[in-house]
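Asker: Chains A and B supply the protein sequences, listed in that same order.
Residues 1 to 319 (our numbering) make up the first sequence, in order.
Residues 1 to 289 (our numbering) make up the second sequence, in order.
There's no promise every hint is true.
[What the hints assert, rightly or not] Here's a subset of chain B near chain A, in silico, CB distances under 10 Å, partners left out:
{"#": "1", "residue": "134"}
{"#": "2", "residue": "147"}
{"#": "3", "residue": "180"}
{"#": "4", "residue": "188"}
{"#": "5", "residue": "190"}
{"#": "6", "residue": "204"}
{"#": "7", "residue": "280"}
{"#": "8", "residue": "284"}
{"#": "9", "residue": "286"}
[What the hints assert, rightly or not] Computed cross-link-like contacts, EDC-like style, restricted to lysine to aspartate or glutamate with a CA-CA straight-line distance of at most 20 Å:
{"#": "10", "chain 1": "B", "residue 1": "197", "chain 2": "A", "residue 2": "254"}
{"#": "11", "chain 1": "A", "residue 1": "103", "chain 2": "B", "residue 2": "287"}
{"#": "12", "chain 1": "B", "residue 1": "203", "chain 2": "A", "residue 2": "75"}
{"#": "13", "chain 1": "A", "residue 1": "315", "chain 2": "A", "residue 2": "297"}
{"#": "14", "chain 1": "A", "residue 1": "106", "chain 2": "A", "residue 2": "61"}
{"#": "15", "chain 1": "B", "residue 1": "203", "chain 2": "A", "residue 2": "129"}
{"#": "16", "chain 1": "A", "residue 1": "130", "chain 2": "B", "residue 2": "212"}
{"#": "17", "chain 1": "B", "residue 1": "197", "chain 2": "A", "residue 2": "129"}
{"#": "18", "chain 1": "A", "residue 1": "257", "chain 2": "A", "residue 2": "215"}
{"#": "19", "chain 1": "B", "residue 1": "197", "chain 2": "A", "residue 2": "281"}
{"#": "20", "chain 1": "B", "residue 1": "203", "chain 2": "A", "residue 2": "155"}
{"#": "21", "chain 1": "A", "residue 1": "30", "chain 2": "A", "residue 2": "19"}
{"#": "22", "chain 1": "A", "residue 1": "130", "chain 2": "B", "residue 2": "287"}
{"#": "23", "chain 1": "B", "residue 1": "282", "chain 2": "B", "residue 2": "212"}
{"#": "24", "chain 1": "A", "residue 1": "103", "chain 2": "A", "residue 2": "75"}
{"#": "25", "chain 1": "A", "residue 1": "131", "chain 2": "B", "residue 2": "285"}
{"#": "26", "chain 1": "B", "residue 1": "284", "chain 2": "A", "residue 2": "129"}
{"#": "27", "chain 1": "A", "residue 1": "76", "chain 2": "B", "residue 2": "188"}
{"#": "28", "chain 1": "B", "residue 1": "98", "chain 2": "A", "residue 2": "56"}
{"#": "29", "chain 1": "B", "residue 1": "284", "chain 2": "A", "residue 2": "96"}
I should point out that these hints are in silico values taken from the structure, not numbers from a laboratory.
All C-beta atoms in this analysis are idealised placements derived from N, C-alpha and C, irrespective of residue type, glycine included.
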Amino acid sequence: MANAKLEIIDMTKLYNNGDGVKNINITVEKGELLTLLGPSGCGKTTILRAIGGFNDIQGGDIRIDGNSIIALPPEKRPTAMVFQSYNLWPHMTVYDNMEFGLKLRKVPKAERKARISEMLEMVKMPGVEKKYPGQMSGGQQQRIAIARSLLLRPEVLLLDEPFSALDAKIRQQMREELRKIQTDLNITVVFVTHDQEEAMALSDRVIVMNKGSIEQCGSPAEIYDRPVSRYVADFIGEMNFLQIKGKTLAVRPEYVKVAPGKGGDLDGYVRTVMMLGHYVEMTMDTDYGIVKTFISEDESRAYHKGDPVAMTFSKQFEY
Amino acid sequence: MVNQKSRWKTTLVIVGMLAPALIVALGIVIYPIINTVIKSFQDEATGAFTLANYTYLFTNKLSRAHIWYTIWVTFLTMILAIVISYLLALYLRFSESKAAKVISSLYLLPRFIPVLVAVYALKMIIGDSGLINRLSLLLPEGSPLYDFKPGLLYNAKGIIIANLWFNIPFATMIISAALSGISSSIVESARDVGAGKLRIFFKMILPLSISDVMIAATFVFMSNVSSFTTPYLIGANHPMMLGVYLRKQFSSRNYELAAAVSVLIFLFSSISAIVYIYTNLKEKEWEKD
């Protein structure tokens, strides 16, 4: 591929206990934000750490701009990694934290200063140079951690669940900011998360992982609209699964249309009607299991527990 | 008003509950200390105030030798124990080898062996007719190491070796606790931005653990400056550690001089206590709110 920034070719990394990843192939294009998504223990962090140089791999190759980097230790790799927490060095001020890597690269003092204040502007945290990490909130610390990594102009930025320790509101805000900085600077990012919503919101492309291998790779829309396996269908978004005649039928709640009475693709009875803010979640008992759908508040007035419901499916998957 | 009254009561209750402990402390700690200090300034025969005991202590050639000897043996013990413990703790913290695991579960063991037993065991091994010597006798006669005598007993070397035996496990324990408090991502993010091993040690690990290292050092200093058993059993007759010197004066019934020696030992300990309290109280700049 002409534009490939990062290539992972047939990579294998197994731990002593047998966990790990096998025969992984991933290509990330320049300026792309790729997310590795999966539950804990699926191997996503293993891949990220292998790119960063913190895991030795047993087979395959990792290339950046076509050059293999597997022989290089982390300090020599053109990657920068942001960890889940405790990224910043607690005994150094924000300025010292940010300056550390630049000093190692022998950047002149005046330039260091200019680059640091420019970067603090970019992450919207000017004037915190003299603060210690302990004096800032978790969100601010992660922002500085990302700024510190960006400062070194890495070829590939690696983010290991950087927002998972933050609360929901700040997490959302950080996502947006990360996306903006990433597009502004056109940097290549590999992002690891177990939060499917985060993956959908942030990524150009998502790789869904399961037990050490890749289940599906595609844009968020592709993965949501065309999940290749039951696992992916289950993991991404909400899904109703119905066991009908030895086959599994999967329907997203938003594709379940309901009408009072009988005579739909599937008939059932109202089980619960739950008000969830700007929409109502309704579940129905059917012969093949419970089906969930979302309706508006107005529509919901027509349904009460035990009423018959006719369902039609505007889109469905079979596994 | 009511509130103030009840607060008064609470204070009274607290004072009341603390009183027994305070009285015991006064009786068995403070009183003997004051008593010893007073005695150290008394004339042996008349009981009148005098500085003669201290003058003797600091001018007599023999006792000066004892003081210097105590200071340098203690400092050398402290420095060696801390350096070795720090290296050991670093190894235990960052190595993932099997050996590290085994050592980390065994390193405290020497601490559980009574001083007397350990010193005698050491004597049997490093003594001039001990195990090492016996083994050397197995060599063919005439070879350079035949009848090798380690020469480690009844001098400073023996005392320091025994001191290390007791103090390395203890110091390693304190430093290990400090190092396990340093998260791996701190080290990894330093590697990530390009720092090598030495730089990570001096810029990250050392500043983050130095206060615990200082605390370990003060404890090692305190327990060794006044040590008695080890130097008594395997130390030389001259110069001797102050603990042994104290006992000698005591058994020769020079109670006033003995008191002066205790005050001196107490002062040495106090210095390290001050260092300890200072390191503990000093709020690190990065921990301020």
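Asker: Given the proposed pairing of residue 284(B) with residue 129(A), does the C-alpha separation stay at or below 20 Å?
Answerer: holds, 18 Å
Asker: Within 20 Å, alpha carbon to alpha carbon, are residue 282(B) and residue 212(B)?
Answerer: holds, 12 Å
Asker: Is the hint on residue 190(B) kept, meaning its closest Cβ partner in chain A is under 10 Å away?
Answerer: holds, 7 Å
Asker: Is the shortest C-beta separation between residue 147(B) and chain A less than 10 Å?
Answerer: Cβ of residue 147(B) sits 50 Å from chain A, so the hint is violated.
Asker: Is the straight-line distance between the alpha-carbon of residue 197(B) and that of residue 129(A) 20 Å or less?
Answerer: violated, 27 Å
Asker: Residue 103(A) and residue 287(B) were given as a pair; does the straight-line alpha-carbon distance stay at or below 20 Å?
Answerer: violated, 25 Å
Asker: Between the alpha carbons of residue 130(A) and residue 212(B), is the straight-line distance 20 Å or under?
Answerer: Roughly 25 Å between the alpha carbons, so the hint for residue 130(A) and residue 212(B) is violated.
Asker: Are the Cα atoms of residue 30(A) and residue 19(A) separated by 20 Å or less?
Answerer: violated, 31 Å
Asker: Between residue 103(A) and residue 75(A), does the CA-CA distance stay at or below 20 Å?
Answerer: Holds - the C-alpha atoms of residue 75(A) and residue 103(A) are around 14 Å apart, at most 20 Å.
Asker: Taken at face value, is the distance from the CA of residue 297(A) to the CA of residue 315(A) at most 20 Å?
Answerer: violated, 23 Å
Asker: Would the hint linking residue 203(B) and residue 129(A) be met if the CA-CA limit is 20 Å?
Answerer: Distance of about 19 Å is within 20 Å: holds.
Asker: For the pair supplied as a hint, residue 197(B) and residue 254(A), confirm whether the alpha-carbon distance does not exceed 20 Å.
Answerer: Since the Cα atoms of residue 197(B) and residue 254(A) sit roughly 55 Å apart, the hinted pair is violated (cutoff 20 Å).
Of the hints listed earlier, those the structure fails to meet are numbers 1, 2, 3, 7, 10, 11, 13, 14, 16, 17, 18, 19, 20, 21, in rising order.
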